[in-house]
Every structure is written in structure tokens, then in C-alpha cells.
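Chemist: Construct the complete structure from the given sequences, taking the supplied hints into account.
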Amino acid sequence: MVLFIDDHWDVYGVDGVDALPGQVLSFFAERPVCTVAMEACASAHYWARAIGEFGHTVKLIPPAYVKPFVKRQKSDATDAEAIAEAAARATIRFVAVRTEAQQASAMVYRTRDLFVRQRTQAINALRGHLAEFGVVAPTGVAHVGLLTALIEGEEDVLPDAVVELARVLLAQIDDLSTRIDTLDKEIRERAAQDEAVARLMTMPGIGVITATALVTFAPAPEVFAKGRDFAAWLGLTPRQHSTGGRERLGRITRMGQRDIRRLLITGAVAVVRWAARKGAPEGSWLARMMAKKPRMLVAVALANRMARMAWAMMSKNESYRVPATVA
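Numbering (this note's numbering), first residue to last: 1 to 327.
Watch out, some of these pointers could steer you wrong.
What the hints assert, rightly or not - DEER-style ranges, computed between Cβ atoms:
# : residue 1 : residue 2 : range
1 : A192      : P32       : 41 to 47 Å
2 : F27       : E222      : 30 to 36 Å
3 : P32       : T120      : 29 to 35 Å
4 : P32       : W274      : 57 to 63 Å
5 : G245      : E189      : 51 to 57 Å
6 : R246      : I92       : 25 to 31 Å
7 : P62       : H129      : 27 to 33 Å
Worth flagging that the hints you see were computed from the coordinates, not collected in a lab.
Beta carbons: idealized from backbone N, C-alpha and C, even for Gly.
Modeler: Below you can see the structure in the form of C-alpha cells.
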């Protein structure tokens, strides 16, 4: 028997019957062991763990794979029917259920990411407002101290309201920086206890944040047959426009886990910049690519390569090995 759940936060459609959150577990506790299919959204991972404790097999389907089966009119019934159609397909890919520890780590990472974005917004807002009064400072969090000095230096020239609001923004920036530092410390402490994170950090371009994100957001390595499948899951493989036996490859798909993809590209950009200044090892893949391709294209290609190597390191429990160079 197969049951289908349509998740709506406060009301759950279970095989055509609406149920409140408190009634869902009792519903499945009384059912014989079966397969339960639902979209991988909102609180799906919690429900997958809870329902799985009753012996049921829970399958989470990416919403993008369910959408093609939704008919014209949207309703709970058509959504459940679409989930049923998707779950019945032999080639459908399912989402691995996350553990509580993985979700806790994900919350730490995403909270830090939120604070970083809020701090960037506050800095940009402060710079923009001060520029209208002729006070200009370089971009970046490293120059917040200079902004503070400029405000204090122009205190007698700037309107009182501007100085007061600038201090409010500076206080917010300082508070966010403190919170980010606290979360960074927690991430480092978690990383120090995880051997997989330590191994991933041996690869150039992967620091503690990227390594933690890989362990937190990526499913088990055995989910993928090879490293290219993992890179495709991250959206780092070229988009295909092939037809008539002629292969045409475009830009990367960007269809996948965006947190890891963004961090890998950021790390790859840092590696390419370092190689541009110091020089890449002669005969290496990076040296050959930088000799004939634009720098940003090389960075994205390197991110793809890093993803494949990260998969190999996680699947084999090995540290980074420097690739052999071509003589």
C-alpha cells in the first residue's frame, strides 16, 4: 500500500483525507507498514523521521519533479494525484531524509548566512547615506572602522539626524558582527569533532564553512554513482541543448543545492586569484586552463572539479591528494 501526503504547514492531506498536525502520527500509527510519499518541502524531513519510526518507508520527492504531473486546476486532490504519479515513476529521484543533527547544523549555517547578508545590507545603506553628504569610504566589512572614524570626524559638519542614524546603523553592524563571530566559533567547534570536515579542509579552496556545508547539506556519497552525478546535483554541470546527434553545451544549470555551489565557486575564485599572482604549477590542469580560458570560466570549471574530488574524498574517507601534472 502507498499513501501520499500533501504538506500545508497547518493542514496535511493524507491520501485524500485532511488531518491536523496532531492527527497525522496517530493516523500512521494505526496503519499497516506501507510506503509514504510526500514532497520534500517545509517540515517534510521531520515528518519523514517521525513516520519512519512506525516502520513505514518514506520517500521525499523534489517539488520540481512533482510539478509536471499537476493538472490545470490546483487543489489538494490534484496535488496528491501528482505526488502519486511522480512516486510511481521508475526513474524518479528521491531526497535523502536528513537527521536532526544535519538540520541543526543547517540552521546554524543559514542563520550565519542571514546575519552576513543583514550586515552587508546595513553597511551598504550606511555608505549610501553618507555618500549623499560627501563622506565616502571603501566597500567591505574591513572598512567599517574607517566609516566610524569618518563619522566622528565629520560630526560637526553633518546634520545631527545623520550622525544619530549613522550611529544606530554602526551599532547594528557591530551587533551582527558579534553574532557572526559567535556562530563562526560554534561552526569551528563542530568541525573540530568531525573527521569528514577535517579531510575536506585539506583541499585548496575549501575552508571550515564550505567543508561544514558539504557535510551538512550533501546526501550520503553512495547516493551518487560517480563524482559527475554529485556535481550535476549541485548545478555545476553544463546545460545541454543537444539535438539531432549534435551535442551543444551551455552555461551551468544552477539547478541544485545553491549553498554548496556558491561556496565552491567562491573558493575556486580564491584559488584562481592566488594562482594568477603566484603562478599555478607548470603542467597542471589549472595552468593549462588559465592559459586559454577567461578567469571566471576557469573558476566555475574548477568548482565543478572540486565537487567531484570532494565526493571522492567523502566516499573513500580520504584526504586531498595533489593531482599529477603533465610533463
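Chemist: Confirm or reject each hint.
Modeler: For each hint, the structure was consulted:
{"no.": "1", "hint": "A192 - P32: 41 to 47 Å", "in the structure": "holds, 45 Å"}
{"no.": "2", "hint": "F27 - E222: 30 to 36 Å", "in the structure": "holds, 32 Å"}
{"no.": "3", "hint": "P32 - T120: 29 to 35 Å", "in the structure": "violated, 53 Å"}
{"no.": "4", "hint": "P32 - W274: 57 to 63 Å", "in the structure": "holds, 59 Å"}
{"no.": "5", "hint": "G245 - E189: 51 to 57 Å", "in the structure": "holds, 54 Å"}
{"no.": "6", "hint": "R246 - I92: 25 to 31 Å", "in the structure": "holds, 29 Å"}
{"no.": "7", "hint": "P62 - H129: 27 to 33 Å", "in the structure": "violated, 42 Å"}
The structure does not agree with the numbered hints 3, 7 stated previously, though it agrees with the rest.
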